[in-house]
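Protein chains: 2
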Amino acid sequence: MSENSNTYKIHFLPNDKIVEVNGGSTVLDAAHNANIYINSICGGDGICGKCKVILSSGTVDAPTTKLLSKEEVDKDYIIACEAGITSDLQILIPHETRLEGKKILLDQNEQHAMTWKATLDQANFKHDALVKKICLKLEPPTVDDNVADHERLYQAIMMKQGVELNVMQTGYSILKKLPTVLRQEDWTVTVTLGHRGKILEIIDVQPGDTSNTNYGVAIDVGTTTVVACLLEMETSKIVDSEAVYNTQMKFGEDYIQRIIYAIQNEALDEMQRSIVTDINNLISTLVERNSIILEDITAIASAGNTTMHHFLLGLDPERIRKEPYIPTANFIPPIRAIQIGIDINSRGLLYTLPSVSAYVGADITSGATAIRLDKKEMPTLLIDIGTNGEVVLGNEEWMVCCSASAGPAFEGSGIKHGMRAAKGAIEIIHITKEFEVSYSTIGDIPPRGICGSGLLDCIAEMLRSGIIDRSGNFQKGIKTDRLRKKR
Amino acid sequence: MSENSNTYKIHFLPNDKIVEVNGGSTVLDAAHNANIYINSICGGDGICGKCKVILSSGTVDAPTTKLLSKEEVDKDYIIACEAGITSDLQILIPHETRLEGKKILLDQNEQHAMTWKATLDQANFKHDALVKKICLKLEPPTVDDNVADHERLYQAIMMKQGVELNVMQTGYSILKKLPTVLRQEDWTVTVTLGHRGKILEIIDVQPGDTSNTNYGVAIDVGTTTVVACLLEMETSKIVDSEAVYNTQMKFGEDYIQRIIYAIQNEALDEMQRSIVTDINNLISTLVERNSIILEDITAIASAGNTTMHHFLLGLDPERIRKEPYIPTANFIPPIRAIQIGIDINSRGLLYTLPSVSAYVGADITSGATAIRLDKKEMPTLLIDIGTNGEVVLGNEEWMVCCSASAGPAFEGSGIKHGMRAAKGAIEIIHITKEFEVSYSTIGDIPPRGICGSGLLDCIAEMLRSGIIDRSGNFQKGIKTDRLRKKR
Numbered sequence: 089m090s091e092n093s094n095t096y097k098i099h100f101l102p103n104d105k106i107v108e109v110n111g112g113s114t115v116l117d118a119a120h121n122a123n124i125y126i127n128s129i130c131g132g133d134g135i136c137g138k139c140k141v142i143l144s145s146g147t148v149d150a151p152t153t154k155l156l157s158k159e160e161v162d163k164d165y166i167i168a169c170e171a172g173i174t175s176d177l178q179i180l181i182p183h184e185t186r187l188e189g190k191k192i193l194l195d196q197n198e199q200h201a202m203t204w205k206a207t208l209d210q211a212n213f214k215h216d217a218l219v220k221k222i223c224l225k226l227e228p229p230t231v232d233d234n235v236a237d238h239e240r241l242y243q244a245i246m247m248k249q250g251v252e253l254n255v256m257q258t259g260y261s262i263l264k265k266l267p268t269v270l271r272q273e274d275w276t277v278t279v280t281l282g283h284r285g286k287i288l289e290i291i292d293v294q295p296g297d298t299s300n301t302n303y304g305v306a307i308d309v310g311t312t313t314v315v316a317c318l319l320e321m322e323t324s325k326i327v328d329s330e331a332v333y334n335t336q337m338k339f340g341e342d343y344i345q346r347i348i349y350a351i352q353n354e355a356l357d358e359m360q361r362s363i364v365t366d367i368n369n370l371i372s373t374l375v376e377r378n379s380i381i382l383e384d385i386t387a388i389a390s391a392g393n394t395t396m397h398h399f400l401l402g403l404d405p406e407r408i409r410k411e412p413y414i415p416t417a418n419f420i421p422p423i424r425a426i427q428i429g430i431d432i433n434s435r436g437l438l439y440t441l442p443s444v445s446a447y448v449g450a451d452i453t454s455g456a457t458a459i460r461l462d463k464k465e466m467p468t469l470l471i472d473i474g475t476n477g478e479v480v481l482g483n484e485e486w487m488v489c490c491s492a493s494a495g496p497a498f499e500g501s502g503i504k505h506g507m508r509a510a511k512g513a514i515e516i517i518h519i520t521k522e523f524e525v526s527y528s529t530i531g532d533i534p535p536r537g538i539c540g541s542g543l544l545d546c547i548a549e550m551l552r553s554g555i556i557d558r559s560g561n562f563q564k565g566i567k568t569d570r571l572r573k574k575r
Numbered sequence: 089m090s091e092n093s094n095t096y097k098i099h100f101l102p103n104d105k106i107v108e109v110n111g112g113s114t115v116l117d118a119a120h121n122a123n124i125y126i127n128s129i130c131g132g133d134g135i136c137g138k139c140k141v142i143l144s145s146g147t148v149d150a151p152t153t154k155l156l157s158k159e160e161v162d163k164d165y166i167i168a169c170e171a172g173i174t175s176d177l178q179i180l181i182p183h184e185t186r187l188e189g190k191k192i193l194l195d196q197n198e199q200h201a202m203t204w205k206a207t208l209d210q211a212n213f214k215h216d217a218l219v220k221k222i223c224l225k226l227e228p229p230t231v232d233d234n235v236a237d238h239e240r241l242y243q244a245i246m247m248k249q250g251v252e253l254n255v256m257q258t259g260y261s262i263l264k265k266l267p268t269v270l271r272q273e274d275w276t277v278t279v280t281l282g283h284r285g286k287i288l289e290i291i292d293v294q295p296g297d298t299s300n301t302n303y304g305v306a307i308d309v310g311t312t313t314v315v316a317c318l319l320e321m322e323t324s325k326i327v328d329s330e331a332v333y334n335t336q337m338k339f340g341e342d343y344i345q346r347i348i349y350a351i352q353n354e355a356l357d358e359m360q361r362s363i364v365t366d367i368n369n370l371i372s373t374l375v376e377r378n379s380i381i382l383e384d385i386t387a388i389a390s391a392g393n394t395t396m397h398h399f400l401l402g403l404d405p406e407r408i409r410k411e412p413y414i415p416t417a418n419f420i421p422p423i424r425a426i427q428i429g430i431d432i433n434s435r436g437l438l439y440t441l442p443s444v445s446a447y448v449g450a451d452i453t454s455g456a457t458a459i460r461l462d463k464k465e466m467p468t469l470l471i472d473i474g475t476n477g478e479v480v481l482g483n484e485e486w487m488v489c490c491s492a493s494a495g496p497a498f499e500g501s502g503i504k505h506g507m508r509a510a511k512g513a514i515e516i517i518h519i520t521k522e523f524e525v526s527y528s529t530i531g532d533i534p535p536r537g538i539c540g541s542g543l544l545d546c547i548a549e550m551l552r553s554g555i556i557d558r559s560g561n562f563q564k565g566i567k568t569d570r571l572r573k574k575r
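Sequence lines, in order, name chains A and B. Going by this note's numbering, the final residue of the first sequence carries number 575, and the count climbs one at a time with no gaps. Going by this note's numbering, the final residue of the second sequence carries number 575, and the count climbs one at a time with no gaps.
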């Protein structure tokens with residue numbers, strides 16, 4: 089594509105969003121700038137062809153491609169990541185290229201949570217918040233009781249929590265403000281205590297009783313979607329939740345693509361900012377909608393795969409991709425959320441759930457923990473199909489896990505009519521003995537493509553009905569005109 | 089004193105230092121700017137008269153004062169803190185006003201150390217450095233041993249140190265650089281481990297073996313003098329030492345004066361910077377003289393009284409002065425030295441030794457620990473006379489301590505011919521039955537004044553010889569012309 093210094097207006101439909109970009113940018117770049125989510129499984133490498141859009145007006149600089157059929161070319165389809173902008177454009181994003189809005193993301197998420205609810209209730213976790221707020225009414229000092237402010241506070245915490253002095257730690261900034269805070273509401277204070285390994289850290293000290301406003305955020309940092317739940321820490325009750333697409337998608341849909349992008353473009357910082365911005369956006373939505381203040385969010389816990397956690401913390405992900413596949417860390421110690429730019433209480437902690445290895449992440453360990461796989465007598469199977477597919481088999485005595493790339497396959501990477509499990513995707517297929525095909529789509533609307541479970545059904549039914557054999561080869565002698573030789 | 093915008097040259101003798109100051113500054117200000125230490129017990133309040141100097145040439149704007157005798161006024165003595173500068177000046181600092189240079193400070197300090205050496209050797213501490221450097225040769229990862237970098241490091245530390253995973257903590261910045269550092273010298277690294285309560289913190293990870301360059305600095309933050317010792321952490325051998333006067337003296341000689349100054353002038357930050365600058369100057373002298381680098385100083389430990397520690401950490405000292413005399417903290421947790429501006433390894437820790445109360449500081453607890461008062465069978469008395477005088481009585485089963493203002497009295501505050509225990513001070517006095525007086529001075533030079541031990545001797549001898557009675561009243565019937573009525 090040619091570079092030039094002009095700026096052009098790109099008008100996206102049906103979103104009706106206009107964005108200005110520099111000449112030489114691609115249509116995919118423009119879509120990202122406009123915060124329009126479109127399919128792009130290969131991350132802009134011009135391989136998957138999933139980012140096809142319709143050029144309603146204007147001109148682009150695009151190579152010829154085999155990724156578009158003759159019909160599509162006739163209908164002015166172009167590959168967004170390959171199309172260099174050389175004029176003002178009007179772009180129509182067709183159904184099959186569009187990513188669904190966050191409502192559906194969240195619906196799916198809630199549906200998942202409902203499915204597990206019975207199991208989760210059974211699991212019956214003893215609730216013990218990682219970060220607690222306790223209200224203390226201290227005895228004011230006298231000449232006969234002249235204990236220093238800091239030790240007075242420690243003694244009160246010890247009395248209430250039954251912990252020892254040498255397992256507590258106070259930050260310098262807390263120490264500095266302590267005398268004032270203690271005397272502000274006549275020796276009634278609320279202490280926020282957070283766990284850091286075996287140490288109990290004083291995260292905050294506030295005047296008066298604020299113990300009823302202690303919130304946490306749980307985030308699922310997915311390769312595709314990021315979901316945040318706002319919780320009351322005391323009760324672990326979910327107050328609200330929100331989801332967005334992971335804006336890192338512009339660096340590659342698959343996380344391996346993103347590692348390559350990060351290394352080749354020295355873009356690790358940029359990619360960290362991208363996911364942190366997503367999280368901050370989620371948090372600010374939750375905070376505004378529920379009229380709480382950021383200061384009252386004292387902890388955030390993240391369950392993501394190993395690579396996503398590396399991106400989130402800005403840790404070098406390069407060796408995850410290369411043999412012998414070594415992460416920087418599986419057990420990431422708690423850090424202050426602000427250290428990576430997450431806006432909660434300025435001393436609030438980020439707990440990153442532990443991974444097992446480069447390709448068995450905290451999403452799996454948290455899943456296995458949530459269903460209490462470690463308490464099952466019978467060997468039990470947990471399957472998590474996301475961008476990666478992981479399978480854990482185990483019980484109270486042992487667990488084994490394996491993982492393989494899954495998402496892009498199920499979401500249509502390399503499959504002409506493949507798509508993600510969104511509205512219009514064929515998800516169930518039935519083939520009769522007479523080789524008649526019936527199907528149903530998500531949302532019961534006309535089909536737009538075929539999703540992962542549809543593909544599995546399709547292959548299973550073709551095998552069952554004898555269209556293919558165990559090796560996957562088509563049986564040529566079958567009496568049906570549904571099986572035709574490629575023209 | 090009049091304010092004006094001219095600048096003047098002040099030439100100090102015998103130091104032969106010239107400094108330029110703005111008109112309206114006092115001679116005491118000018119001396120501080122020139123880094124000349126002169127007596128000033130009241131901290132520039134015009135009360136003690138200890139900062140008297142001789143005006144050799146030029147004019148100053150000074151009120152009449154009772155702090156100078158007629159003879160002194162005739163000899164052009166002026167009170168430095170009261171004298172506003174209105175022209176270029178030549179100022180002679182007389183013996184009695186001069187503070188000794190750091191050589192004597194250090195000599196005194198070493199003398200003290202020698203006095204205690206036998207006792208200290210007896211105490212036989214098991215040497216266990218707070219911050220250690222250990223060199224680790226890690227096994228490089230393979231497909232069969234694909235432990236993550238961070239956990240590989242932890243495992244190696246656990247093997248070598250016998251500690252558990254959940255008592256260790258790694259800082260975010262260490263985690264970020266870890267993969268590169270591990271591979272830089274082919275999996276040989278040096279880990280710096282510091283104690284924070286029950287947690288072992290990874291303070292630094294360096295490529296290769298740097299375990300033989302681990303230094304610490306021990307500082308005695310005195311109200312008057314600040315002494316720093318550079319130590320090899322591995323052996324606890326003292327490499328070098330250095331001392332300066334505490335430049336906070338310009339805010340008041342007595343630390344109560346300094347608390348008042350800090351509160352009245354909102355000068356806590358400024359006073360913290362003052363002592364931190366002193367410490368940084370000491371450290372940079374030690375570092376240059378011994379050709380080591382700041383990065384290799386991984387810890388600093390401070391023994392000072394409670395108020396000095398408050399100033400050092402910038403903690404609010406106000407309530408130390410007022411009933412019921414409550415410090416912000418007696419047990420100050422380790423903080424990173426850089427948090428208060430001390431220049432050592434950027435993640436090096438500052439350990440502040442614990443105090444007991446507002447007026448029983450870490451100088452006493454460290455002294456009692458150094459002589460192992462806690463191991464004595466017989467009740468033992470420890471007397472520490474500094475700015476405050478503290479007395480600890482105790483043994484292995486119990487200890488009691490009391491304290492009272494001492495230093496200013498022994499250093500001549502309120503006593504016309506009083507002075508600190510420097511060269512020329514009368515330190516021993518003997519009075520015969522015939523009321524003849526003999527004395528000896530520090531340094532065996534002609535007397536310049538009388539120091540604390542001289543004063544004690546004087547009172548004791550006067551009592552013994554019957555010049556005064558137990559109530560301190562003079563006995564008028566004594567046959568000697570040495571006792572005369574005030575004219």
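Everything labelled a hint here was simulated from the structure, so no lab data went into it. Cβ coordinates follow ideal geometry from the N, Cα and C atoms, glycine included. Keep in mind that the hints are not guaranteed to be accurate.
Chain B regions said to be covered by chain A (calculated; three or more residues, Cβ under 8 Å) [said to hold, decoys possible]:
{"hint": "1", "region": "282-289"}
{"hint": "2", "region": "411-419"}
{"hint": "3", "region": "481-491"}
{"hint": "4", "region": "504-517"}
{"hint": "5", "region": "522-529"}
{"hint": "6", "region": "550-564"}
Okay, the hints, checked on the actual structure:
no., hint, result
1, 282-289, "holds (count 4)"
2, 411-419, "holds (count 9)"
3, 481-491, "violated (count 0)"
4, 504-517, "violated (count 0)"
5, 522-529, "violated (count 0)"
6, 550-564, "violated (count 0)"
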